[in-house]
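K.L.:
Residue numbers (this note's numbering), protein chains in the order written: chain B, 1 to 322; chain C, 323 to 624; chain R, 625 to 887.
Some hints could be false.
Dumping the calculated EDC-like pairs for lysine to aspartate or glutamate here, alpha-carbon to alpha-carbon at most 16 Å [stated by the list, open to error]:
1. C:446 - B:196
2. R:699 - R:718
3. R:761 - R:773
4. C:446 - B:285
5. B:111 - C:546
6. R:828 - R:799
7. R:828 - R:849
8. R:657 - R:687
9. C:446 - C:546
10. R:638 - R:858
11. C:446 - C:544
12. B:109 - B:196
13. R:842 - R:867
14. R:695 - R:635
15. R:638 - R:687
16. C:593 - B:132
17. R:828 - R:850
18. C:593 - B:133
19. R:657 - R:858
20. R:701 - B:132
21. C:446 - B:283
Here are some chain B residues the structure puts well away from chain C; computed CB gaps all over 12 Å [what the hints assert, rightly or not]:
22. 13
23. 16
24. 26
25. 155
26. 169
27. 276
28. 284
Keep in mind that the hints were calculated from the coordinates and are not lab data.
The model shown is predicted, which means the values in this text are computed figures rather than measured ones.
Using N, Cα and C, we set each Cβ at its ideal position, and we do this for glycine too.
Here is what each chain is made of, one letter per residue.
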Amino acid sequence: MLRIRKLPIIIFALFIIVFPLVSRLIPAIQNYPDLMIFAGIYSLITIGLSLLMGYAGQISLGQAAFYGIGAYVSAILTATYGLNPWFCMVIGMIVAAIVAVLVGVPSLKLKGHYLAMATLAFGIIVFIIFNEEVEWTGGPDGMSGIPGLSLFGFAFDSVEKYYYLVWFFVFSVFVFTINVIQSRTGRALRAIHSSEAASSAMGINVSRFKVVVFVYSAILASLAGSLYAYYLNFINPSTFDLFFSIKLLIMIALGGMHDIWGAIIGAFLITFLSFEWLHFFEEFEVIVYGVILLLVIIFLPQGMVGIPKILKGLFNKKVSNG
Amino acid sequence: MPMEKITFANQLLQYLITGLTVGSTYAMVAIGFNIIYNVTEIINLAQGEFVMLGGLVMVFLHVAAGLPIVLAFPLTVIIVTLVGMLLDRLAIRPIRQPSVLTLIIATIAASIIIKGIAMFIWGKDPFDLPAFSGRHPIHFLGAVIQPQYFWIIGFLIVIVIFLTLFFEKTIIGKAMSACADNPGAASLVGINVKRMILLSFALSAAIGAVAGITITPISLMEYDRGAMLAIKGFGAVVLGGLGSFPGAILGGLILGTIESFGAGLIHSGYKDAFALIVLLGALFLRPSGLLGSIEVSKFKRF
Amino acid sequence: MDKESRGKILEVEKVSMVFGGLMALINIHFNAKEGMVKAIIGPNGAGKTTLFNIITGTFSPTEGVVRFRGKPIQKLKAHEIAELGISRTFQTIELFGNMTVLENVMVGCHTRTRSSFIASGLRLPHDKHKEEQIRAKAMEILEFVGLAEKFSESADSLPLGGRKMLEIGRALATEPTLLCLDEPAAGLNETETEKASSLINAIKEKGITVLLVEHDMKVVMNISDEIMALNYGEKIAEGLSEEIQNNPKVIEAYLGSSEEDRA
């Protein structure tokens, strides 16, 4: 039965609250809340991607585009037109949703490789637009002067404050998504993954559900993009390139894409790998990513969340042998 | 040399010739996709890396190590072929639960590993390769034709002839076709399916290498060109119909031409976008390709 | 509903299906009366499953009309047809293997419930309440098909007989008035076959019309009121079960060859 237990969620919430306070005390991890902001931003995207790929079984290699749409809509509307950042964040999500419908309706009729390639092509086209529409986006040089976020006079102007803001979003989205998974909608998505023929025979409007979950993942990616832009106050297209879409794929494969926890674990691990632990590889970290991805696919198809199960299996074997 | 007056018609002809040349390279990539797909039903997203490697290994052997072309060319093809075989052995064969998704991920992983290693060896700068028969352009109705263009199109023709003979006349080639039609039956009659898969990777890596070697003198080559080449090659595959060799050639030439006209007449910054839009258009409107039938594509295993 | 259609829940008129030049069904004409069990028989490749796929909306027929309760449905999509009250099982068992037995049936309840993506994400109280109702109903159905004890097992772990029963249960969860069963007894042993037969009878007693594709003639003769026989995409006979059994054309096309198959 797909019941997600409450206790881990409570522990997760406590961890989010306590982490910055602890990191303040330990010099070696003092910069970790900053990294955790990125891990949180990536988690927002991977949660949506996990629902789309792991649960509904629909491949997307173009999520970086929605991330970029969120970032650029927020950046342009605030920096160029001086609109309210929260309002722009919502506009970004609406734009992402509209684009997701336009792309998703024809794309999600495709299966397997065709869907992968369609989303890949879409992602690259959007990336090219970010680069070429210099008047709007500043081209390859990017955009600066993006404001930060504040609410009723309270500015999220320190790492810690922004950390709590980002993780508030992540936690809310996480709980919302878990609820969806456990509902009629979640069952329908898993049914579609398993057999589209049987799903539609059960009265599930397969194409509609696929588009809905694609739109949801796009909205989350757009939210993440806005949060990214307001945190760094500067964006340029290279953040939203093809490799970022692949990095997202690595995150959910590493964490485990059939489990929503995997989305967060994967985002966390890849963030810390790329900003902290693989620093000495510099640009050659791509080789490490490739190797990680390959090893996971070969030896750990369930991702990190599958490890307890494997250990349990080994243990049981030992017990029965001994 | 006196400047000729370039008319609009001359320009169009120029775009067409350039488009067909680049399109020939896409066709070679597309043929590579099809060879592997027909035997394994895998779309090898690392296909473009073979092209990139072909160019860069050739640069190393011919320019840096000073080997003559006649030696460097086959040596490059052999090296890239070995990489193709390694890819099958290290990334594809070990997968225990092959599904479309895991195979896509595996070939993506392989492609970023190859790309990373290429960056490690050659750095990030593009490399040039001398054209096979110099760079004195031929003028034809006001259009400029590089001699290298003939080499590229010529090698496409050689590859097509070679593959036709291989699949129709040799036992190994026929065995590969049998795997494509029905792997279960093929292994029943004693065909070693695993070896055929390995061979398909070798063959398509070799073709990728030829594409890379021949295109580098006109478009240079650097470590990160593989992904775009792969996607465009796939665009050619979809245009022509997945699995179809004549389709791959036609698709490649059409895609190259559209890209060349789009970049020339509309906006050069969107050069890559044109090919991708064609790919999307083909996927959305006619996923079975120009030469395929809708019914067949509906029932293709995925 | 006009006079013609009265009592006929399903009417198939002049239906033909062409796949890439191949005639899978040729001018098929038949109907099913409300509350009866109608069997469709014929050798492999006769077009039985294709006919099912057309009735349930997997394909649109190349030509012809399919009416359900007098309403043309041949252009509708599969999920719309399911909503109207036609459900099915699959010859090649299409369970949701990654889910539990109970969840499979709960997916079947999909059409008869409503809930939005946002409402379920926010876990609104009425949504929670509905989940309870769905669960109760699904358990009831599992009870009916005899799988209640195995509700928490994964669907893939059931033996073949159990999976066939689960497919029927899942189809029943959509609250159909017409149920299309594609070879419910294929591959089952004698006890399981008997169980399947009595289940189909129980379904009929609930007032659900059953359309049955089956090779096991004993099952067919036991439970069906009427039989239609297909061969090479054409109808070769139709009538009461006893008549069909003795129809020489049918014996030649189907019974004879099936005896050989079994030997």
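K.L.:
A separate judgement is required for each hint: does it hold in the structure or not?
P.N.:
Here is how each hint holds up against the structure:
Between the alpha carbons of residue 446 of chain C and residue 196 of chain B the distance comes to roughly 45 Å, so the proposed pair goes past 16 Å and is violated. With a C-alpha separation of about 23 Å, the suggested pairing of residue 699 of chain R with residue 718 of chain R is violated against the 16 Å cut-off. Among the hinted pairs, residue 761 of chain R with residue 773 of chain R is consistent with the structure: their alpha-carbon atoms are about 15 Å apart, no more than 16 Å. With a C-alpha separation of about 14 Å, the suggested pair residue 446 of chain C and residue 285 of chain B falls inside the 16 Å cut-off, and the hint holds.
With a CA separation close to 27 Å, the supplied pair residue 111 of chain B and residue 546 of chain C exceeds the 16 Å bound. With a CA separation close to 13 Å, the supplied pair residue 828 of chain R and residue 799 of chain R stays within the 16 Å bound. With a C-alpha separation of about 11 Å, the suggested pair residue 828 of chain R and residue 849 of chain R falls inside the 16 Å cut-off, and the hint holds. Of the pairs offered as hints, the one joining residue 657 of chain R and residue 687 of chain R is violated, with about 23 Å between alpha carbons and a cut-off of 16 Å exceeded.
Between residue 446 of chain C and residue 546 of chain C the CA atoms are separated by roughly 8 Å; this keeps the pair inside 16 Å, and the hint holds. Proposed proximity of residue 638 of chain R and residue 858 of chain R is supported: the alpha carbons are some 11 Å apart, at most 16 Å. Among the hinted pairs, residue 446 of chain C with residue 544 of chain C is consistent with the structure: their alpha-carbon atoms are about 7 Å apart, no more than 16 Å. With a CA separation close to 11 Å, the supplied pair residue 109 of chain B and residue 196 of chain B stays within the 16 Å bound.
Restraint check for residue 842 of chain R and residue 867 of chain R: satisfied, since their Cα atoms lie roughly 15 Å apart, inside the 16 Å limit. For the proposed pair residue 695 of chain R and residue 635 of chain R, the alpha carbon gap of about 9 Å is at most 16 Å, so the pair holds. As the CA atoms of residue 638 of chain R and residue 687 of chain R are separated by approximately 7 Å, the hinted pair is consistent with the 16 Å bound. Taking the CA atoms of residue 593 of chain C and residue 132 of chain B, the gap is about 11 Å. The hint holds against a cut of 16 Å.
For the given pair, residue 828 of chain R sits about 13 Å from residue 850 of chain R by alpha-carbon distance, which is consistent with the 16 Å threshold. This hinted pair checks out: residue 593 of chain C and residue 133 of chain B have alpha carbons roughly 14 Å apart, not beyond 16 Å. Distance check on the hinted pair: residue 657 of chain R and residue 858 of chain R sit about 21 Å apart at the alpha-carbon level, beyond 16 Å; violated. Of the pairs offered as hints, the one joining residue 701 of chain R and residue 132 of chain B is violated, with about 42 Å between alpha carbons and a cut-off of 16 Å exceeded.
Of the pairs offered as hints, the one joining residue 446 of chain C and residue 283 of chain B holds, with about 10 Å between alpha carbons and a cut-off of 16 Å not exceeded. Listed as a non-interface residue, residue 13 of chain B keeps its Cβ farther than 12 Å from every Cβ of chain C; the least gap is roughly 32 Å. At roughly 30 Å from the closest C-beta of chain C, the C-beta of residue 16 of chain B stays outside 12 Å, upholding its exclusion from the interface. Listed as a non-interface residue, residue 26 of chain B keeps its Cβ farther than 12 Å from every Cβ of chain C; the least gap is roughly 33 Å.
With a least beta-carbon separation of about 38 Å from chain C, residue 155 of chain B lies farther than 12 Å from that chain, consistent with its non-interface assignment. Annotated as non-interface, residue 169 of chain B keeps its C-beta farther than 12 Å from every C-beta of chain C; the closest such distance is 28 Å. For residue 276 of chain B, the requirement that its beta carbon stay farther than 12 Å from each beta carbon of chain C is met, with the minimum near 19 Å. The non-interface label for residue 284 of chain B is inconsistent with chain C: the shortest C-beta to C-beta separation is roughly 6 Å, within 12 Å.
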